[in-house]
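Protein chains in written order, with this note's numbering: chain C, 1 to 406; chain Z, 1 to 107.
Warning: the hint list may mix true and false statements.
Stated by the list, open to error - Computed list of lysine-lysine pairs in DSSO-like fashion (alpha-carbon distance at most 27 Å, straight line):
| no. | chain 1 | residue 1 | chain 2 | residue 2 |
| --- | --- | --- | --- | --- |
| 1 | Z | K39 | Z | K59 |
| 2 | Z | K31 | C | K363 |
| 3 | Z | K95 | C | K325 |
| 4 | C | K352 | Z | K31 |
In case anyone wonders, no lab produced these hints; they're calculated from the structure. None of the values given here were measured: they were computed from a predicted structure.
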Amino acid sequence: MILFPEGVPTKHETFEEYCASGGYEALAKNLSPAAILEEVTSSGLRGRGGAGFPVGKKWSVAAESTESSRYVVCNAGEDEPGSFKDRVLIEHRPHLVLEGLALACRAVGAQRAYVYLNETYEYCLNRISTSIDEARAAGYLGRLQVSIHRAPTVYVAGEDSAALEVIEGKPPKPRQKPPFPATVGLFGKPTVTNNVETLANIPPIVRNGVSWFRSYGTPDSPGTMLFCLGAEMNRPGAFELPFGTSLRQLYEDFGGCLKDGAKLKAFLPGGPSCAFLPEDRLDVSLDPESLKRVGSTLGCGVMRFFPERACMVEETTRIANFFAKECCGQCPACRMETSMLSAMLERIQHGKGDPALFNQFEKIIDFNRGKGFCTLVNMPGPPILSAMRLFRGEFEHHLQHGTCNA
Amino acid sequence: MPCKYVLVCQNEDCKSRGSGELLEQLSQKLKSDADVEVKPYMCFGGCQAGPNIVLYPQKVWYSGVQQTDVEEIAQHAEGGPVVDRLTHGVEQPLKELIYQLLDAGLF
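Work out the full structure: start from the sequences and follow the hints.
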């Protein structure tokens, strides 16, 4: 595979091991910025942090800027519930991430880079800081300055513009866009922010070429992605699979199905902001286009599977409460929406509401759509509306009796 | 059981403009009236026009409320006239959305 030879993380690679397996060859090719940009653009690589923006396009905006001072930020502020792929990548292959960061800097003409790292990831902090020293001593970093900046563990702190605020020493609050960070970013300069996994794809692309990279995945979504399976599975962990693999294969062959032989009821294929899908959608392909066709999203690859006995009202309320808690509070619409949805679901869960509440969810969500600096305001909608559509009986039972019939 | 409610928004913006004091003063003024209950509300979404107070079931929305308006709002809650000058702060679609939620029992 592209990120892990065996498709799963196996060992904590050393600098010597990385170099022995072709590490830093991509950087040592000494390609021009334009050549790297061209490779990455034609590879079709898209961001792995959740939004799926074409990487070459983001880089071009910064590379074409008239500003001479530019930045690249490696976003490892991982806060998505259930996601641990960034941590796994930095723990196992810190030099792959660092080489990707150095190539990104060369491509966009940045002299300074930041690794924006979840502040609870102590071991990653040691790994990446040792790696920076090793790469510098070996002469791979040239004049590039790489600093580590610790990221607070609130959800919005992982949003790209909030990350820039934190690096500037301010509270983690998303900025109003446009301008986008690639035009006006860190300290007002063009800044490329890429997820850890995105950057880890760069050295293999530059070293092995576009057609090799495109031999994985689908024409629309080339490459692989790391999928995180949680503790409800027999084999939790991070699995690298080519886009287009069937979700059933991930669920059955890699994850080993739900624990205790539990029957699957539903799943969330892209973290808490995606729509629930019922068990009979398990044959969908793992790529953004296929997930979109069945009404959900792939997000950053966090998969959650729910057994037959799971209470979907409780699960949905938990998601709504999460967004209400994580709303940063600066946009009125988001504040209103997230607190309302959470209060309404609490009512239903505890049997204290009026049936008329059911019709209000969609109205609140439509009313507030897109009204905010970041996309958090759009996040509670898909899971809530899909859960109420798929499991209406459970919601009605809760509303009437305050208890679960699942 | 009270049959009328004075709902005072207690979210960030409204609070920073004094809705905490408004809640307290209205509660004081109306505490002897068993028909009226003064309650905090999580958010009406009219933050830019706050502090916001909604009377329900009358469905009258007061925005930009100051302490000097408390007396008149209390009178309205007890059956007096609507304080018209405070009713124009937010758009009708938002009012409709919130009134529907209140009709569905969300308060």
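Practice problem: Against the structure, test the hints numbered earlier, and report the numbers of the ones violated in rising order. | Solution: 2
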